[in-house]
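Now for the letters of each chain:
2 protein chains.
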Amino acid sequence: MNSGQVDSNEVREKETERGKRGIVFTDNSPFATLKSVPISAVKMNDGFWKARMEVSAQAGIPSLYRLFKEKGIFDNFIRVYKKGYAPRRGPFFTDSDVYKWVEAASFALQSEDSSRLKDMLDEVIDLIIPAQDEDGYLNTYFVEEKARERFKNLKVYHELYCAGHLFQAAVAHHRATGEEKLLECAIRFADHLCKVFGPGKRDGFSGHPEIEMALVELYRETGKKRYLDLSGFFLDQVGFASLKEVIGHAVRAMYLACGGADYYAETGREDFWESLTRQWESMVKTKSYITGGIGSRHSGEAFGAPYELPNEGAYAETCAAIGSIYWNWRMLLITGNSQFADVMEKTLYNGFLAGVSLSGDRYFYVNPLLFSPQSLFSNQTPPPWNRGGYGNRMLVSGRREPWYDCTCCPTNSVRMLSSIPGYFFSLSKEGIWIHLYDNCSLDWHLEDGTKFSLIQRTKYPWQGKVDIEVYPEKEKDFSLFLRIPGWCKGMEALVNGERVSPKLANGYLKVNRVWKKGDRLTLNLKMKTEVMVSNRRISENRGKVALQRGPIVYCFEGVDNPGIPILEASLKIDKDKGSLVNLKESYYKDLLGGIVALKMDGAIPDPSELDSPLYRSFEEERSCRFKSVSLTAIPYYAWANRKLSDMTVWIPYAL
Amino acid sequence: MNSGQVDSNEVREKETERGKRGIVFTDNSPFATLKSVPISAVKMNDGFWKARMEVSAQAGIPSLYRLFKEKGIFDNFIRVYKKGYAPRRGPFFTDSDVYKWVEAASFALQSEDSSRLKDMLDEVIDLIIPAQDEDGYLNTYFVEEKARERFKNLKVYHELYCAGHLFQAAVAHHRATGEEKLLECAIRFADHLCKVFGPGKRDGFSGHPEIEMALVELYRETGKKRYLDLSGFFLDQVGFASLKEVIGHAVRAMYLACGGADYYAETGREDFWESLTRQWESMVKTKSYITGGIGSRHSGEAFGAPYELPNEGAYAETCAAIGSIYWNWRMLLITGNSQFADVMEKTLYNGFLAGVSLSGDRYFYVNPLLFSPQSLFSNQTPPPWNRGGYGNRMLVSGRREPWYDCTCCPTNSVRMLSSIPGYFFSLSKEGIWIHLYDNCSLDWHLEDGTKFSLIQRTKYPWQGKVDIEVYPEKEKDFSLFLRIPGWCKGMEALVNGERVSPKLANGYLKVNRVWKKGDRLTLNLKMKTEVMVSNRRISENRGKVALQRGPIVYCFEGVDNPGIPILEASLKIDKDKGSLVNLKESYYKDLLGGIVALKMDGAIPDPSELDSPLYRSFEEERSCRFKSVSLTAIPYYAWANRKLSDMTVWIPYAL
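Top line first, the protein sequences correspond to chains A and B.
Counted from 1, the first sequence has number 222 at position 223 by numbering that gives the first Met the number 0; the numbering is strictly sequential.
Counted from 1, the second sequence has number 116 at position 117 by numbering that gives the first Met the number 0; the numbering is strictly sequential.
Check each hint, because a few of them may be wrong.
Below are the EDC-like pairs computed for lysine to aspartate or glutamate, each with C-alpha atoms no more than 16 Å apart in a straight line [to be verified]:
id, chain 1, residue 1, chain 2, residue 2
1, A, Lys224, A, Glu265
2, A, Lys458, A, Glu584
3, B, Lys284, A, Asp132
4, B, Lys428, B, Glu400
5, B, Lys284, A, Asp610
6, A, Lys151, A, Asp202
7, B, Lys515, B, Asp573
8, A, Lys284, B, Glu608
9, B, Lys574, A, Glu620
10, B, Lys82, B, Glu143
11, B, Lys576, A, Glu619
12, B, Lys576, A, Glu620
13, B, Lys527, A, Glu265
14, A, Lys82, A, Asp132
15, A, Lys488, B, Glu618
16, A, Lys574, B, Asp518
17, B, Lys473, B, Asp518
18, B, Lys574, A, Glu619
19, A, Lys576, B, Glu620
20, B, Lys473, B, Glu497
21, B, Lys576, A, Glu618
22, A, Lys576, B, Glu584
23, A, Lys200, A, Asp190
24, A, Lys284, B, Asp610
25, B, Lys571, A, Glu265
26, B, Lys574, A, Glu618
27, B, Lys525, B, Glu584
28, A, Lys516, A, Glu474
29, A, Lys571, B, Glu618
30, A, Lys574, B, Glu620
31, B, Lys488, A, Glu618
32, B, Lys576, B, Asp600
33, A, Lys42, A, Glu53
34, A, Lys525, A, Glu584
35, A, Lys576, B, Glu619
36, A, Lys574, B, Asp442
37, A, Lys527, B, Glu618
38, B, Lys488, A, Asp190
39, A, Lys488, B, Glu619
It is worth saying that the hints were derived from the structure and are not from the lab.
Small disclaimer: the values here were computed from a predicted structure and weren't measured.
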């Protein structure tokens with residue numbers, strides 16, 4: 000079914016070399032400030048992210064591979080070219096999960112030259128390609144009698160969404176391996192789309208965005224401008240320029256925004272930029288959790304109204320957090336403004352990372368900010384006279400799963416973790432940008448081609464000190480741009496032990512000098528436990544606080560607080576200083592993969608209070624006895640890795 | 000299609016006289032403590048409920064009659080016997096709404112002998128009856144080609160639910176008018192059900208309970224025990240005895256519990272009683288709003304987990320509140336325990352009554368405890384790439400509607416309001432029970448037949464003093480049982496001006512003596528504004544209070560607090576006394592139909608604070624300036640009768 004032909008009249012404008020392009024390749028984008036640094040140029044050393052990447056590559060990626068086999072998801076491809084091989088299984092968008100896995104494995108290959116991974120990847124790609132139709136169409140759901148329905152219902156079915164994930168996978172695979180087979184498959188399908196859709200051809204857009212950003216990246220990889228134009232066509236069909244806030248299905252909103260940002264980076268369309276900034280403001284000012292989680296409504300997996308951010312009822316889908324990271328990364332590449340990196344970092348360490356187990360092979364779909372196993376009892380026994388009716392509240396189990404019927408979050412999570420090194424650095428004419436901090440080394444070049452390497456040494460995110468050694472191939476005048484995180488209230492920087500006066504531009508400390516081999520830059524970011532409050536309009540959080548230390552948002556989990564009904568506890572805050580009482584911040588090497596846990600004074604009601612009525616008078620409540628206790632908080636991302644217990648991010652305080 | 004025949008071998012065990020039976024007729028129920036007093040025996044005088052009943056009878060009932068005509072809901076009956084008359088319109092359960100309306104009109108006829116109402120009622124009943132099939136089956140959805148699907152999918156379709164509403168309407172109509180035509184129609188259908196369902200016949204139960212209580216009442220009206228047995232059969236099929244908590248769809252849970260209670264009142268089945276008390280405890284202790292509203296989840300219109308009681312996200316369907324009143328009324332009749340009357344009263348004045356506009360012809364489906372018009376802006380413009388996906392959050396508009404596509408709440412609301420007088424009094428061997436307080440008179444008899452009348456004079460619910468004059472036809476030794484509401488912290492009672500020592504039994508003050516004509520009993524219920532708090536497990540309400548005065552729960556509505564961002568305000572509470580500061584309670588005759596409004600001191604943030612970030616440090620927040628203001632609260636039931644503005648029941652406090 001596969002013609003194996005690529006249009007021979009077309010010459011790729013640029014050849015790429017293996018491992019030389021970043022995840023979002025903005026090097027030739029006229030409206031981007033920053034250029035990409037590929038994953039392969041960054042080596043993660045022992046530290047926070049390396050541990051997570053390793054379990055994901057060694058447990059997560061192979062586990063999904065096995066589950067695809069077990070659930071017949073690979074077979075969906077085979078059955079297209081082997082009649083009667085197997086029945087089609089899973090939802091109509093299962094192809095996209097395989098493509099996301101291919102992308103994840105391709106990213107992982109840039110970090111580690113694993114033959115085991117390469118073999119799996121080759122096997123899967125070789126399963127996919129023969130399923131392509133002669134005209135370039137590829138989707139395992141719309142085959143046989145359903146082939147007649149291709150492109151008939153773009154709003155409901157995810158053909159363009161699946162196509163987009165194929166394109167992203169193909170680009171990632173090409174960048175990782177230099178091999179062209181999957182890229183050629185993507186090009187054939189993209190060319191088919193260009194024949195079907197566009198001005199004067201068929202109208203329409205995808206009900207689930209994704210194709211928009213994928214087409215721009217395929218344009219960047221191949222130089223074929225028609226892909227960029229088709230992306231713009233779809234974005235205009237949606238009416239992207241007129242969107243005023245983030246709204247509706249959160250993952251879709253994020254992916255669409257990514258497409259809009261990518262298109263802007265290439266074209267500078269002003270109305271797109273205005274739409275992007277309006278949407279971003281609405282998200283960051285009114286529709287985000289403190290974890291960076293977004294999309295508060297279970298119903299429709301959607302953004303709520305401004306300030307509608309329930310804690311127990313939060314949806315905050317893992318995929319939506321990933322989508323926000325993708326979008327903010329693009330906004331950062333366009334502007335070089337750290338406000339986008341702040342959202343990205345906050346979401347990486349909290350809203351996203353909570354979605355993945357410490358073992359790397361289990362995932363949350365929904366990420367509540369308050370959880371009680373007690374809530375489950377009602378969920379588990381639907382009454383006999385009721386026909387379902389719980390909606391997707393069923394998903395909040397407090398247990399991460401290796402797989403979901405709609406398994407977007409697992410595949411997205413391994414994809415995100417494999418790509419982490421790609422978000423650490425950027426390049427501009429002026430020098431090197433450092434967005435994230437962790438033990439790692441960079442082996443790359445300056446914009447003029449001067450070879451350049453760098454080593455980061457730090458205990459980030461547990462400590463705020465970052466040591467950086469730079470190794471330009473020769474003495475060279477350029478700048479290092481060091482992101483000063485939004486959470487940081489004080490910092491100092493030293494070059495070779497001497498303090499430099501901080502010059503902040505767009506949230507980055509710019510250190511310009513003639514750098515030579517072995518120069519050391521030390522960044523001291525003041526890191527302390529911050530007591531955070533939320534805007535009064537988040538009604539549920541009035542009178543409550545959350546704890547944040549550096550980029551890490553904390554939570555109180557029952558398992559660390561034995562005998563304490565954590566959902567009925569309150570923190571003590573020193574009335575005069577406004578600070579926690581008896582705060583102790585300690586690093587526990589063996590707890591939850593190594594974390595800083597926090598201890599502080601709090602109070603719980605007398606046990607006799609536990610059975611108090613649902614409502615009673617203030618006077619009655621005032622006569623209650625309370626007991627002082629010490630409370631323990633752990634990073635939110637690490638919750639639900641032990642036995643099921645109560646958990647809350649926001650906790651009431653008493654002065 | 001209607002055979003017009005009633006099984007002539009059956010003789011009704013009891014004849015009823017017009018206007019002589021209560022709404023739930025427990026006079027012959029072996030396991031009920033209290034006997035019913037019919038609506039017709041109670042005359043409401045100018046006061047709180049009379050005003051609501053009048054607008055409902057004069058505006059609500061006729062408005063629904065017009066809307067049934069306009070929407071083709073009556074035509075659904077006519078088209079059954081006039082081929083091609085009209086297409087079928089509305090959801091598959093529209094018959095039930097007509098039956099509920101018939102029941103409402105029948106109740107109203109017991110209060111007021113209105114020929115206009117009687118004419119409407121006759122017209123509607125004469126439309127219904129010919130639609131009955133020869134075998135007794137009656138449902139306008141399962142006709143023509145759909146007739147084959149009768150009773151095929153009881154869990155989804157509402158055939159037994161509609162049947163139940165027909166039976167209730169028929170019983171109410173018979174009790175109100177003494178006419179038999181609709182009752183005969185109901186009997187024919189019930190006999191058909193008895194032929195189809197039961198041990199050794201067809202299994203099954205209704206996905207939407209209602210038939211269970213209706214069959215028991217039809218048994219009470221006709222004496223045909225097979226109806227009681229069929230009710231028990233359905234209840235056992237559902238597994239009623241093993242239910243451990245209220246769970247799932249709230250209206251369904253309430254109606255099922257009503258059926259279980261009715262069946263218990265007749266049979267004394269101990270396992271049913273245990274199930275009823277377990278369910279009731281779980282509802283009252285963990286799953287009710289302070290308004291009495293229940294069913295907190297939009298998703299599935301369902302009860303949430305224990306303590307899952309979001310304010311803005313509350314579903315709290317008007318029908319569920321009504322269902323709770325029905326159930327608690329049955330529990331009260333069984334036990335004579337005021338804890339059930341407390342829930343009933345709280346729900347009547349708050350959770351239910353908020354569902355009806357002061358004009359009596361507009362209704363809420365959903366009753367949130369916090370509302371902001373700002374939330375609507377996001378709801379009204381679904382994004383182009385999103386396929387719906389808001390679920391029923393769309394229903395929360397802050398505006399009551401005269402009709403819904405699923406118009407259960409409007410018809411249930413007029414039914415509830417028409418039946419109010421039936422909930423005021425009961426009878427037992429020992430005497431007369433007074434459950435509710437309002438200006439009214441009772442003209443009835445004691446259990447031994449001694450004629451007896453009584454006049455209540457009060458400004459309840461605005462004042463706690465109730466004057467009662469009793470008129471037994473002759474001097475007689477019996478007791479008056481006066482409910483001492485759960486909200487009341489202090490009371491005194493005087494007979495002919497002399498204090499009596501209060502003897503409380505099951506929450507009722509029992510005043511036993513030889514009563515003679517003109518004896519006066521004065522009850523002084525201490526009524527003051529109570530500052531209420533909720534159980535700590537309702538996370539959202541931590542640090543917040545709600546105001547309650549007598550049975551009335553208050554709310555803060557923007558329209559009464561001009562220039563005050565009410566959702567960002569807080570109350571002042573005197574640290575030493577634990578009370579509101581500068582509280583003023585005043586009756587406003589012309590405001591919202593006459594209410595006591597509350598004024599007290601509070602604080603709002605400086606206007607510069609309105610644009611504060613979503614999250615910031617406690618220290619930053621502490622430096623905010625606040626402004627003292629006077630805040631106004633109105634009864635929750637009266638909200639949303641003026642222009643759209645913010646509203647909240649729970650409000651943070653500062654000591």
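Each hint tested on the structure:
1. For the hint pairing A/Lys224 with A/Glu265, the CA-to-CA distance comes to about 10 Å; that is within 16 Å, so the pair holds.
2. Of the supplied pair hints, the one linking A/Lys458 and A/Glu584 holds, its CA atoms being roughly 14 Å apart against a limit of 16 Å.
3. Between B/Lys284 and A/Asp132 the CA atoms are separated by roughly 62 Å; this puts the pair beyond 16 Å, and the hint is violated.
4. For the suggested pair B/Lys428 and B/Glu400, the alpha carbons sit about 45 Å apart, so the restraint of at most 16 Å is broken.
5. The hinted pair formed by B/Lys284 and A/Asp610 meets the criterion: a straight-line CA distance of about 9 Å does not exceed 16 Å.
6. Simply put, A/Lys151 and A/Asp202 have alpha-carbon atoms about 11 Å apart, close enough for the 16 Å limit, and the pair holds.
7. For the hint linking B/Lys515 to B/Asp573, the alpha-carbon distance of about 49 Å lies beyond 16 Å, and the restraint is violated.
8. Our distance criterion of 16 Å between C-alpha atoms is met by A/Lys284 and B/Glu608, whose separation comes to about 13 Å.
9. The hinted pair formed by B/Lys574 and A/Glu620 meets the criterion: a straight-line CA distance of about 13 Å does not exceed 16 Å.
10. With a CA separation close to 10 Å, the supplied pair B/Lys82 and B/Glu143 stays within the 16 Å bound.
11. Of the pairs offered as hints, the one joining B/Lys576 and A/Glu619 holds, with about 12 Å between alpha carbons and a cut-off of 16 Å not exceeded.
12. A C-alpha spacing of about 13 Å is found between B/Lys576 and A/Glu620, which places the hinted pair at or below 16 Å, so the restraint holds.
13. Between B/Lys527 and A/Glu265 the alpha-carbon distance is near 68 Å, which puts this suggested pair outside the 16 Å criterion.
14. Proposed proximity of A/Lys82 and A/Asp132 is supported: the alpha carbons are some 14 Å apart, at most 16 Å.
15. Between the alpha carbons of A/Lys488 and B/Glu618 the distance comes to roughly 12 Å, so the proposed pair stays at or under 16 Å and holds.
16. This hinted pair does not check out: A/Lys574 and B/Asp518 have alpha carbons roughly 60 Å apart, beyond 16 Å.
17. The hinted pair formed by B/Lys473 and B/Asp518 meets the criterion: a straight-line CA distance of about 12 Å does not exceed 16 Å.
18. Between B/Lys574 and A/Glu619, the direct Cα distance comes to roughly 14 Å. Compliance with the 16 Å bound is thereby established for this hinted pair.
19. Between A/Lys576 and B/Glu620 the CA atoms are separated by roughly 13 Å; this keeps the pair inside 16 Å, and the hint holds.
20. Proximity of B/Lys473 to B/Glu497 is assessed by CA-CA distance (about 22 Å); at most 16 Å being required, the pair is judged violated.
21. A C-alpha spacing of about 9 Å is found between B/Lys576 and A/Glu618, which places the hinted pair at or below 16 Å, so the restraint holds.
22. Distance check on the hinted pair: A/Lys576 and B/Glu584 sit about 39 Å apart at the alpha-carbon level, beyond 16 Å; violated.
23. The straight-line distance between the Cα atoms of A/Lys200 and A/Asp190 is roughly 14 Å, inside the 16 Å bound, and the hint therefore holds.
24. Restraint check: the Cα-Cα separation between A/Lys284 and B/Asp610 comes to about 9 Å, which is no more than 16 Å; the hinted pair holds.
25. Only pairs whose Cα atoms come within 16 Å are accepted, and B/Lys571 paired with A/Glu265 is rejected, the gap being roughly 56 Å.
26. Using a Cα cut-off of 16 Å, the hinted pair B/Lys574 and A/Glu618 holds, with the two alpha carbons roughly 11 Å apart.
27. For a cut-off of 16 Å, the pair hint linking B/Lys525 to B/Glu584 stands: about 14 Å separates their Cα positions.
28. For the hint pairing A/Lys516 with A/Glu474, the CA-to-CA distance comes to about 7 Å; that is within 16 Å, so the pair holds.
29. Between A/Lys571 and B/Glu618 the CA atoms are separated by roughly 15 Å; this keeps the pair inside 16 Å, and the hint holds.
30. Annotation: proposed proximity of A/Lys574 to B/Glu620 holds, straight-line Cα distance about 13 Å (limit 16 Å).
31. Distance hint between B/Lys488 and A/Glu618 is fulfilled; the C-alpha atoms sit about 12 Å from each other, no more than 16 Å.
32. For the suggested pair B/Lys576 and B/Asp600, the alpha carbons sit about 15 Å apart, so the restraint of at most 16 Å is met.
33. In summary, the hint linking A/Lys42 to A/Glu53 is supported, as the alpha carbons are separated by about 12 Å, within the 16 Å threshold.
34. Taken as a hint, the A/Lys525 and A/Glu584 pair is honoured in the structure, with Cα atoms around 14 Å apart against an allowance of 16 Å.
35. Distance hint between A/Lys576 and B/Glu619 is fulfilled; the C-alpha atoms sit about 12 Å from each other, no more than 16 Å.
36. A C-alpha spacing of about 63 Å is found between A/Lys574 and B/Asp442, which places the hinted pair above 16 Å, so the restraint is violated.
37. For the given pair, A/Lys527 sits about 13 Å from B/Glu618 by alpha-carbon distance, which is consistent with the 16 Å threshold.
38. With a CA separation close to 79 Å, the supplied pair B/Lys488 and A/Asp190 exceeds the 16 Å bound.
39. This hinted pair checks out: A/Lys488 and B/Glu619 have alpha carbons roughly 12 Å apart, not beyond 16 Å.
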